[in-house]
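K.L.:
Protein sequence lines, in the order shown, are assigned to chains C and Z.
Residues in the first sequence are numbered consecutively from 13, following the numbering used here.
Residues in the second sequence are numbered consecutively from 13, following the numbering used here.
In short, the hints are calculated from the structure, not lab data.
Errors might be hidden in some of the hints.
Since copy identity is lost for identical chains, a pair holds within one copy or between any two.
Said to hold, decoys possible - Straight-line alpha carbon distances no greater than 20 Å define the calculated SDA-like cross-link-like pairs of lysine to any residue that follow:
1) LYS122 / GLU26
2) LYS40 / ALA170
3) LYS40 / GLY164
4) LYS122 / PRO24
5) LYS40 / THR245
6) LYS40 / ALA129
7) LYS122 / GLU28
It should be emphasised that the depicted structure is a prediction, and the values quoted were computed from it without experimental measurement.
Number of protein chains: 2
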Amino acid sequence: MANAKADAARRPGEFELIAQLFAPLSLKAPGAFALTDDAAVLAPRPGQDLVLKTDAVVEGVHFFHDDPPGDIARKALRVNLSDLAAKGAVPAGYLMALLLPDWPDLDWLKAFAAGLAADQAEFGLSLMGGDTSSTPGALAVSISAIGFVPHGAMIRRAGARSGDAVFVSGTIGDAGGGLAVLQGEAGAQSELVARYRRPRPRLLLGQALRGLASASLDVSDGLIADLAHLARTSGVRLEIDASRIPLSAALRAVWGSDTAAICRAAVSGDDYEIAFTAVPERRDAVLAASARSGVAVTEIGRVTAGEGVVLLDGDGKEIALPRKGFVHF
Amino acid sequence: MANAKADAARRPGEFELIAQLFAPLSLKAPGAFALTDDAAVLAPRPGQDLVLKTDAVVEGVHFFHDDPPGDIARKALRVNLSDLAAKGAVPAGYLMALLLPDWPDLDWLKAFAAGLAADQAEFGLSLMGGDTSSTPGALAVSISAIGFVPHGAMIRRAGARSGDAVFVSGTIGDAGGGLAVLQGEAGAQSELVARYRRPRPRLLLGQALRGLASASLDVSDGLIADLAHLARTSGVRLEIDASRIPLSAALRAVWGSDTAAICRAAVSGDDYEIAFTAVPERRDAVLAASARSGVAVTEIGRVTAGEGVVLLDGDGKEIALPRKGFVHF
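With the rest of the complex left out, here is chain C:
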């Protein structure tokens, strides 16, 4: 069928590409056989469960055509690692399906692979298998990440109980601010653009929260939207104090810090922070986990009986939100 042939001078063939650029990413995973077999093999680790996650990023949806290829690669990997982080898992490996239109040339692909290599070194995991296919459409990277947790210790979304405190890591809205800058909004802040292009999976924090957080998830659709998922799955209501939602100095410099800015940040996507709950008696342990992992954590609200998420102003009155976060359709 449509067999998009690239100019051989511009880009090596499929199998050469795999051998030159991707096989080197698999060498620390003996069960990947340097990508020369049909599948990878992974021996179990005694006493450990596997944690499995798949997430795809698509040109024109999750990244821009002109984004640096290394950042596209890292975002594709990190959105998956962020989920492993929220579950308390330690990354082990990943599988990658790469859907390639005609346009990426060899330099682009080398930079893409270099981005993966840098993240593999930073986060301690290896490519275990892949598939490279031509596509008549948008470039897409679909990654499945594999991690380990001690048996039974994965932190679930369901587990928040009335009376728990609600926490969030890092700062909220930075990636949304970066996206706005890329879309032409005034107030260029390279720090915000970097947060949009290169999420920071909070792996050490997530691992430190095992046995401590009663529920946890990663914030990708927007803080309020994701807390709504947690509320629904746990069968509880979450009350969030707007004034406690942590905004970075870089974001405040662009959006300000009034209620409108806070609301906008709370419904922006792509934060890739961890939102979690814990019994208030463990607050000190949460702060110790934060210090140990080097990731700031802010208490932003509480769990009550009921359902849904409400954002409250300084008088405890509900703030109406026009939308809760990003949805694909």
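Got chain C; can you put chain Z on it based on the hints?
P.N.:
For chain Z alone, coordinates are given in the frame of chain C:
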């Protein structure tokens, strides 16, 4: 960014879609939490290794826009199961990233999910996690399949030794014949089209070949191209007797059975059969495995010292091939 909103009357939103159509596919996998968590958890099975594979199918490359949606789903799953089959693995679960343009309506999506449900029942596995994203481009389905094999028993590509016999399951070229029919070539044979749209992963045969096959891989790029992979990885040469390559009656009715037809079949893609090697002394055991699994197996050649794959005519002379199989670019 580009947030393709579908007409709400035409298709439910992202989260409703997951809850209505995809969550039911996960209910037999307790670690999938009905797709309400960030990730799935999978407990190891004592004495078993995991086998991991990812493969994507793309509209306009691996299937046609107008193919039945249930067949698109099944092909996406089966191309992965075929790799598990060739490795001797028993499927356990899969992750799916679905990249959706605007056009699939609710009926299309229901039929797609029904195709997955039918295959889950047939092959004994469950959806364990997924990601649904909008795309401005072609519809694509990226699946990562997870299977189990007894520790150390995965059948590798590297393992063929000089003196081994070469075998292939089923018949070769049927899917290529089906593709030709769909592209307008005369000689409509619905059986061939079915083979193109709906591969048959040879799971029982692959499992029966554990400890018996010295090397194995699935035939997806074309028999000769895939045997070349096996030859390279094993560091051997494969001699294939053209006249022994099994062609179905349906294919012979369209292409005939002369050398040209055999060559065309041997470089057609999408067979999803298993090609494997075994010491000739185990020939009876191979035939018994074939009988036990209900999948025909044909001996088509031998392993010698050297490199590459040659196709030989009745006089033992090499037949020149214009190309070896399908490559993506």
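K.L.:
Against each hint, give a clear statement of whether it holds in the structure.
P.N.:
Hints versus structure:
1. With identical chains, the CA atoms of LYS122 and GLU26 are at most 20 Å apart within one copy only, with a shortest distance of 14 Å there and 34 Å across copies.
2. For the identical chains of this complex, LYS40 and ALA170 are inter-copy neighbours only, at 19 Å across copies versus 35 Å inside a copy, given an alpha-carbon limit of 20 Å.
3. When the C-alpha separation of LYS40 and GLY164 is checked against a cutoff of 20 Å, the pair qualifies only between copies, where the shortest distance is 18 Å, while the shortest distance within a copy is 27 Å.
4. Proximity of LYS122 and PRO24 under a CA criterion of 20 Å is satisfied intra-copy only: 11 Å inside one chain copy versus 40 Å between copies.
5. Proximity of LYS40 and THR245 under a CA criterion of 20 Å is satisfied inter-copy only: 19 Å between copies versus 38 Å inside one chain copy.
6. For the homomeric pair LYS40 and ALA129, the shortest alpha-carbon distance inside one copy (11 Å) is at most 20 Å, but the shortest distance between copies (36 Å) is not.
7. Within a single copy, LYS122 and GLU28 get their C-alpha atoms as close as 13 Å, which meets the 20 Å cut-off; across copies the closest is 39 Å, which misses it.
Every hint from the earlier list agrees with this structure, and none is contradicted.
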